[in-house]
Amino acid sequence: MSRFSLYEDEIRPSPWQHTWREFKSSHVALVGLAILLLFVFFAFFAPLVTPYDPLFQNTESILVAPSWHPNGSITHLFGTDALGRDLFSRIMYGCRVTFGTSLLVVIIAMAVGVSIGTIAGMLSGVRSSVVNHLLDALMAIPTLLIAIIIVGILGSGLVNSMWAITLALIPQFIHHTRTFVRAEMKKDYIQASTLDGANRLQIFYYSILPNMIEMLVVQGTLALSIAVIDISALGFLNLGAQPPLPELGAILAAGLDVGYLSPWNIAIPGIAIFLMVLSITVVGDGLRSALRKRVNR
Amino acid sequence: MINILLRYTILFVLTLLALSALSFTLIYLFPAEPIINLTGITPQNSIQHDALVRQYRLDSAYLIQFWHYLEQLFSGNWGYSLISGQPLKEEVLTALPATVELSTYAMMIVILVGIPIGCYSGLRAYTNADFTINSLSVTVYSVPVFWLAVLFILTFSLQFGWLPLSGRLNLLFDIPSQTGFLFIDILLADDVDTSLAMRDAFLHLILPTLSIACISTAAIIRITRRSIIDVLNKPYITAAKARGLSNRQIFFRHVLRNALLPILPLMAMQITTLITNAMIVETLFSWPGIGNWLIQAIYQRDYSALRIGMLAVSTLVVIITISIDLFNRLIDPSREKFESVTI
Chain A
1 MSRFSLYEDE IRPSPWQHTW REFKSSHVAL VGLAILLLFV FFAFFAPLVT PYDPLFQNTE
61 SILVAPSWHP NGSITHLFGT DALGRDLFSR IMYGCRVTFG TSLLVVIIAM AVGVSIGTIA
121 GMLSGVRSSV VNHLLDALMA IPTLLIAIII VGILGSGLVN SMWAITLALI PQFIHHTRTF
181 VRAEMKKDYI QASTLDGANR LQIFYYSILP NMIEMLVVQG TLALSIAVID ISALGFLNLG
241 AQPPLPELGA ILAAGLDVGY LSPWNIAIPG IAIFLMVLSI TVVGDGLRSA LRKRVNR
Chain B
1 MINILLRYTI LFVLTLLALS ALSFTLIYLF PAEPIINLTG ITPQNSIQHD ALVRQYRLDS
61 AYLIQFWHYL EQLFSGNWGY SLISGQPLKE EVLTALPATV ELSTYAMMIV ILVGIPIGCY
121 SGLRAYTNAD FTINSLSVTV YSVPVFWLAV LFILTFSLQF GWLPLSGRLN LLFDIPSQTG
181 FLFIDILLAD DVDTSLAMRD AFLHLILPTL SIACISTAAI IRITRRSIID VLNKPYITAA
241 KARGLSNRQI FFRHVLRNAL LPILPLMAMQ ITTLITNAMI VETLFSWPGI GNWLIQAIYQ
301 RDYSALRIGM LAVSTLVVII TISIDLFNRL IDPSREKFES VTI
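Protein sequences, first through last, are from chains A and B. Residues in the first sequence are numbered consecutively from 1, following full-length UniProt numbering. Residues in the second sequence are numbered consecutively from 1, following full-length UniProt numbering.
I should point out that these hints are in silico values taken from the structure, not numbers from a laboratory. None of these values were measured; they are calculated from a predicted model. Take these hints with a grain of salt, some might be off.
To be verified - Quick list of simulated restraints, FRET-style, between CB atoms:
1) B/I64 - A/P15: 57 to 63 angstroms
2) A/Q17 - B/V113: 37 to 43 angstroms
3) B/A125 - A/P210: 29 to 35 angstroms
4) B/A61 - A/V40: 51 to 57 angstroms
5) A/V31 - B/N233: 27 to 33 angstroms
6) A/R200 - B/I206: 54 to 60 angstroms
7) A/V31 - B/Y126: 18 to 24 angstroms
8) A/R200 - B/G85: 53 to 59 angstroms
9) A/V159 - B/M198: 45 to 51 angstroms
10) A/G197 - B/N128: 30 to 36 angstroms
11) A/S193 - B/L245: 33 to 39 angstroms
Claimed, not checked - With a cut-off of at most 27 angstroms between alpha-carbon atoms, the simulated BS3-like pairs for lysine-lysine come out as follows:
12) A/K293 - B/K89
13) A/K293 - A/K187
14) B/K234 - A/K187
15) A/K24 - A/K293
16) A/K186 - A/K293
17) B/K234 - A/K293
18) B/K234 - A/K186
Yeah, the Cβ is synthetic: ideal placement off N, Cα and C, and Gly gets one too.
Just chain A, same shape as in the assembly (with noise of 0.2 angstroms):
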């Protein structure tokens, strides 16, 4: 063989190809992930896969049973609720709403949260701890707070109470970049870098970013739950998506009014919520997990 190789392998598996295998080890870690990916289809298809518009109000079949129940019917998946809008569309929309508005939360919360957080990070003196500190006074500000001043200038809606969980979210990434940024800076290869001539966002970007970018989807993931579970309560305190927009939280709330006629509105909702929570939380468990092992070996 002619060709020239340092290694011996043949094949030399990236590092996240290493956190692939350690992560697909973990059964729990892998139901997870194919759950997390039923919901993500349901963000981008469900258009096409519901069997009726989510906002369509039929009176003939109000508060029908769901399928599994004696009186239930199949042409109503989940049954129907109090105005006759077919439960299963409606949840299935509403995976849409909750899931997608919740990535684009994190998403905006993530980019905003690391550039502050690594100019806060390569600060140092006094204006760096004053910025820490407030920062990390103000982190500790309730989420609901943040969305009830929001909803006071802004009125109620699903944009606004999105730019408060927003809001809410960006410290704690900022927290978390700091503290990274601040450990690599006392490196030694950042120390190499700075030798060689790089300024501070070369060394951001080339140096400092590949490494944090695992930390970032581990807190991502962490940020995900919780933007899901916000973005629903504020749906159902109302102070977050209005009523027709088929949301999992309000349609929670507007099964409450029916709860003890057809208790399936409170309960396919609250599961809906439930799983979706859960699978971010395994899937970010299973990461964390795999991430560690393969840092350890």
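Please build the complex by placing chain B on the supplied structure of chain A, with the hints as guidance.
Okay, now just chain B, sitting in the frame of chain A:
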């Protein structure tokens, strides 16, 4: 020591200043007129309007307005509620203790249940017992709090009728509010059957406390477990084993203390979650706390109440967080300031 205290005092004052500046800005950000947002009084005519503006210095420069606003806050004149017309200070001071009471009991459950189970799970790491506890806590952690509370109401209040549905106390008891903390008020109250009232208050407390505590307990179990596992892998534990200490000695002398230290700051973060959950649960159980009060205020667009409520809740949370942080720094000076641990 003095240096640390000084730093935290400065931080505390700065944060409160930032928060009150924020609440001052809200006067101009909320849709209603600034003078209404500030005082909660709707002027009847232009003469009264001008008088109020002059009285609250809204005609001067912003900095002077802010200074005056701070003076008013400190002298206890927080304005009036737009809807009920009551002084906001009284309303907040009766609602806040109810929330503090609820959160304290929930936090007690979280600590008393979460940490021992977390320790057990961490010590038995990667066994069947640990696996069961861990998967249970992941499951409970993922349950949305409002759904859990609704399920509790449906099961225990409506289906079985074991526990009361809403409020803090049966309306038959007439307990004058003195401290705002119900159990103390019952003890202080005259001509009330104390044991009956206590029992009733306790029954009212069970469901809301449990629905708040469940989720935070699950979080604390996971955090504690991780921390214990991390400590067990440290070389000084191996050294202690080599010295021939028994498992019990190793656990109480070395593992527990070192594992609990990094948990403290995370506990502070859990308090924020806990208070958010308490605010949501309060509305479901009609608990007369600050969360219920704030959410009623936003439904009715009571802007002056929102401004003060935001300031009160965030001040409370900031005080708790900063004091836990300070406590943590004092008992563990060797630690780097912003060290974080994972779940």
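For each hint, the structure was consulted:
Taken as a hint, the range 57 to 63 angstroms holds for the pair B/I64 and A/P15, whose Cβ atoms sit roughly 59 angstroms apart. Taking the beta carbon of each, A/Q17 and B/V113 are about 41 angstroms apart, inside 37 to 43 angstroms as hinted. Taking the beta carbon of each, B/A125 and A/P210 are about 32 angstroms apart, inside 29 to 35 angstroms as hinted. The supplied range of 51 to 57 angstroms is met by B/A61 and A/V40, whose beta-carbon atoms lie about 53 angstroms from each other.
Between A/V31 and B/N233 the C-beta distance comes to about 28 angstroms, which sits within the given range of 27 to 33 angstroms. Under the hint 54 to 60 angstroms, the C-beta atoms of A/R200 and B/I206, about 56 angstroms apart, fit the expected range. Hint check: A/V31 to B/Y126, Cβ distance near 19 angstroms, so the stated range 18 to 24 angstroms holds. In this structure the hint that A/R200 and B/G85 lie 53 to 59 angstroms apart at CB holds, the actual value being about 56 angstroms.
For the pair A/V159 and B/M198, the supplied restraint of 45 to 51 angstroms holds, since their beta-carbon distance comes to about 48 angstroms. Checking the proposed 30 to 36 angstroms range against A/G197 and B/N128 shows it is violated: the Cβ atoms sit about 57 angstroms from each other. Range check, A/S193 to B/L245: about 46 angstroms between beta-carbon atoms, so the 33 to 39 angstroms window is missed. With a CA separation close to 54 angstroms, the supplied pair A/K293 and B/K89 exceeds the 27 angstroms bound.
Between the alpha carbons of A/K293 and A/K187 the distance comes to roughly 22 angstroms, so the proposed pair stays at or under 27 angstroms and holds. For the proposed pair B/K234 and A/K187, the alpha carbon gap of about 22 angstroms is at most 27 angstroms, so the pair holds. Among the hinted pairs, A/K24 with A/K293 is consistent with the structure: their alpha-carbon atoms are about 12 angstroms apart, no more than 27 angstroms. Between A/K186 and A/K293, the direct Cα distance comes to roughly 24 angstroms. Compliance with the 27 angstroms bound is thereby established for this hinted pair.
Proximity of B/K234 to A/K293 is assessed by CA-CA distance (about 16 angstroms); at most 27 angstroms being required, the pair is judged to hold. In summary, the hint linking B/K234 to A/K186 is supported, as the alpha carbons are separated by about 23 angstroms, within the 27 angstroms threshold.
In summary, the numbered hints that this structure violates are 10, 11, 12.
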